[in-house]
Amino acid sequence: MEQRKSPVRGSAAGQLSFPNSDSRSAPHNPQRPARFHLSGPPYLLSSFSGFSPAPVQPASLLPCFFSSLEGISPKTISNIGGLHQMLSLHQHIFAAVPRDSIIALPEHDSTNKYGASFQTPGGRLLIKPAEYVELVSSMKPDFWVTLADEVPAWVSDKRNRTSVDRTLRWLDDCLSLNKTGTTIFGSIVGGSSIEERHRCAQEVAQRNVSGYWIGGFGLGESMDERAALLTAVTDNLPEDMPRHVSGLGLPEEVLQGVAAGIDLFDSTYVYHLTLGGFALTFPLERNKGDNADYQLSDSGGDDMKINLKATIYRKDTSPIVESCNCFTCQNHTKAYLNHLFNVHEMLAQTLLEIHNTHQYLGFFCSIRKAIEEGKFEQFRRNFVESRRECLFAAASSD
Amino acid sequence: MAWFSACSIPAVPLFLQVLGRFNRARAAQLTLPHYLCQTPLFMPVGTQGTIKGLTKNQLEEIGCQIILGNTYHLALRPTSELIDELGGLHKFMNWPRALLTDSGGFQMVSLLHLADITEKGVTFQSPVDGKPMLLTPEESIQIQNRIGADIIMALDDVVRTTITGPRIEEAMYRTLRWIDRCIAAHKRPNEQNLFGIVQGGLDPVLRDICVRGLVERNLPGYAIGGLAGGEDKDSFWRVVAQCTAALPEDKPRYVMGVGYPLDIVVCSALGADMYDCVYPTRTARFGTALVPEGVLKLKHQAMANDIRPIDPMCECMVCKNYTRAYIHCLVTKDAMGSQLLSYHNLYYMMKLSRDLHSSIVEGRFPEFVCKFLQTMFPKGDVPEWVCNAMEVAGIDISSCCHEMKV
Chain A
1 MEQRKSPVRG SAAGQLSFPN SDSRSAPHNP QRPARFHLSG PPYLLSSFSG FSPAPVQPAS
61 LLPCFFSSLE GISPKTISNI GGLHQMLSLH QHIFAAVPRD SIIALPEHDS TNKYGASFQT
121 PGGRLLIKPA EYVELVSSMK PDFWVTLADE VPAWVSDKRN RTSVDRTLRW LDDCLSLNKT
181 GTTIFGSIVG GSSIEERHRC AQEVAQRNVS GYWIGGFGLG ESMDERAALL TAVTDNLPED
241 MPRHVSGLGL PEEVLQGVAA GIDLFDSTYV YHLTLGGFAL TFPLERNKGD NADYQLSDSG
301 GDDMKINLKA TIYRKDTSPI VESCNCFTCQ NHTKAYLNHL FNVHEMLAQT LLEIHNTHQY
361 LGFFCSIRKA IEEGKFEQFR RNFVESRREC LFAAASSD
Chain B
1 MAWFSACSIP AVPLFLQVLG RFNRARAAQL TLPHYLCQTP LFMPVGTQGT IKGLTKNQLE
61 EIGCQIILGN TYHLALRPTS ELIDELGGLH KFMNWPRALL TDSGGFQMVS LLHLADITEK
121 GVTFQSPVDG KPMLLTPEES IQIQNRIGAD IIMALDDVVR TTITGPRIEE AMYRTLRWID
181 RCIAAHKRPN EQNLFGIVQG GLDPVLRDIC VRGLVERNLP GYAIGGLAGG EDKDSFWRVV
241 AQCTAALPED KPRYVMGVGY PLDIVVCSAL GADMYDCVYP TRTARFGTAL VPEGVLKLKH
301 QAMANDIRPI DPMCECMVCK NYTRAYIHCL VTKDAMGSQL LSYHNLYYMM KLSRDLHSSI
361 VEGRFPEFVC KFLQTMFPKG DVPEWVCNAM EVAGIDISSC CHEMKV
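Residue numbers (full-length UniProt numbering), protein chains in the order written: chain A, 1 to 398; chain B, 1 to 406.
Hints are computed from structural coordinates only; laboratory data are not their basis.
Only a predicted model underlies this, so the values are computations on that prediction, with no experimental measurement involved.
Just so you know, not all the hints are guaranteed correct.
Listed below are several chain B residues computed to face chain A (Cβ distance under 7 Å; list not exhaustive) [said to hold, decoys possible]: (1) VAL18; (2) GLY20; (3) THR50; (4) LYS52; (5) LEU86; (6) ASN94; (7) ARG97; (8) ASN305; (9) PRO309; (10) ALA325; (11) SER358; (12) TRP385; (13) CYS387.
Which stretches of chain A does chain B cover? Using the computed rule of at least three CB atoms under 8 Å from a CB of chain B, they are [as the list claims (entries may be wrong)]: (14) 128–140; (15) 200–207; (16) 331–341; (17) 347–353.
Computed list of lysine-lysine pairs in DSSO-like fashion (alpha-carbon distance at most 30 Å, straight line) [as the list claims (entries may be wrong)]: (18) A:LYS75 x B:LYS297; (19) B:LYS131 x A:LYS309; (20) B:LYS251 x B:LYS299.
Backbone N, C-alpha and C fix where the C-beta goes; we use that ideal spot for every residue, glycine too.
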């Protein structure tokens, strides 16, 4: 199996290396650093990947969802040489995750003892551990996540317990089917029950895995309940193993995850923003509180984003963010993007996604810096408070 | 041309220098305000200020020299006044090379339900609010002046070549009357080149009158219009041949709406220089790739397991990185599929343009034409109209054609 040689560097306080699971280095910082943002829209097939000029930093991780590969058989993917070859993204790290928050949502009602069910645009899809492992082995990702039975926050206790039992069983299935010795992250579920989260995490921590994927979030629980659930999991996990969460995308949610000890995030945040025509503008420097351009009320923007479809931008010849180094800001104006959105041109999405991804990755960079400097809590506080101030100002101006 | 390169601004905004010939075919350098072009060349159509899904860097990579913008669409959104206010279309799109805008007339006639042509201009119903509106030659030129393209097109009275009768003659004479109005209305003759359009249907007498009328006006360039609308190929090439024979040597000849690679090769052999068509990008959106043998339909089930690139000989980014199988799984579902195919198809067209230019300059044009035809028609079944046209062009393609079926 082809091994990825380039190590992936996160913050200086810790690094996540591939491919060999034994070459992991322990972080020096007791506060868990957010090492790396698992970036990119869940759509494997999105317009940004490798096609638009330098949209993501070379060592970004990309999630890859099996369901988005309908139309191409595992054998063909294998013949091509795996994902890196197929997408011609040789510098990227790929993670295979079954859940895709846009096109493959877990269908907990249809999941049964044989496999996990997902709702996709092509209909309902049931995938069994053996099929999953086969697909993953043809994709040759850098690491993959075991099949899980994810349930939303409101299911019955019984259903929740079943999901934990099933997930553990499938984890063992995946481990035993894993012939090629690839890097595996064990899946942890448990819904909104602290006890079940504990139980699942403890069980998975005993398995021979290289990291942990924490599922069942972003499916209806509130931010308040989530903090406790996250720490219920991470408290049981070894310090030096990476933790990956799907479905947490808003900056505040990311900060919450980082505080609880999460390292890797994948989300649909950038995708949804882009679809709506919103451009991220939040200050990348954490002490730049007041230079954000507030575009409130009518246009639907706020201190973090602007709505490029709004008529106020029709003649705006400035880039989205003056100091931004992304291709879009270096080459195009808000006026042009406004026009492209209004005439429904594809290029609008491409250009905006480049910018939003760049900004979002920059946010993670700021987080890492804050952690390195031992100022994460302050960073988080400042961020959340400045958001609140802005929303308060918006609300009272009506 | 030392004196020329010493000047920073040319005396006229267009200069054509023929670098090589083969009979009627010519390869030239076309100097425009924003770019130094090489003809023959293909111009992709960027209807609304963008070529579907491709960034300006990609367009430069592909080798696009001139891009076409549709006046009708741009006047609707974001409006020519806004484009003017923001410094012109080049600046608005951040396209550093050349631009050409059409007059807006064709779109109206083809897109709008109740468009009608009178001596005043084209009357139509506004697609925005249904109000009656009028596009006059003056208005068309004013809009194009605001947009700021290197080449602008006169408003012509265009009729489909499938129509017969007195309408064609009426349209041809009206086109001549309108060219004078266009010239009078043109406020920026030192920065923008106004091309006249030869009309006259399939009638050689009418075409001749129109050509002579336009040439009298001494315009910077000439287009051959009213073709590419469903007429039979035999009539099509004859009109092109007649016009290129009569148009001045030192001005560019632009065949509007053409088109298929084969058509471009034939027209170039007959002495045309510039082409535009939505075909490469439109067919990309239907999952079809252009290849030397013809077309490749990526949606076909057979593509699902084919791990070769679209064209193993193609040097474009798409062929160097992606397989047919991957593109197959994209084309039905994702914007990226059509972006990849648009990229490849435009690359193919620009490579064809470069090949036409260099084969003429290097004195191997007939060999190029033969190879092109052999690849596209390996059984030797070159269409008769192509054979006839090549005969007039003075190119021997007997090695590619089999008179008798084997």
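Legend entry - Hints not upheld, ascending by number: Structure breaks hints 1, 2, 7, 9, 11, 12, 13, 14, 15 and 20.
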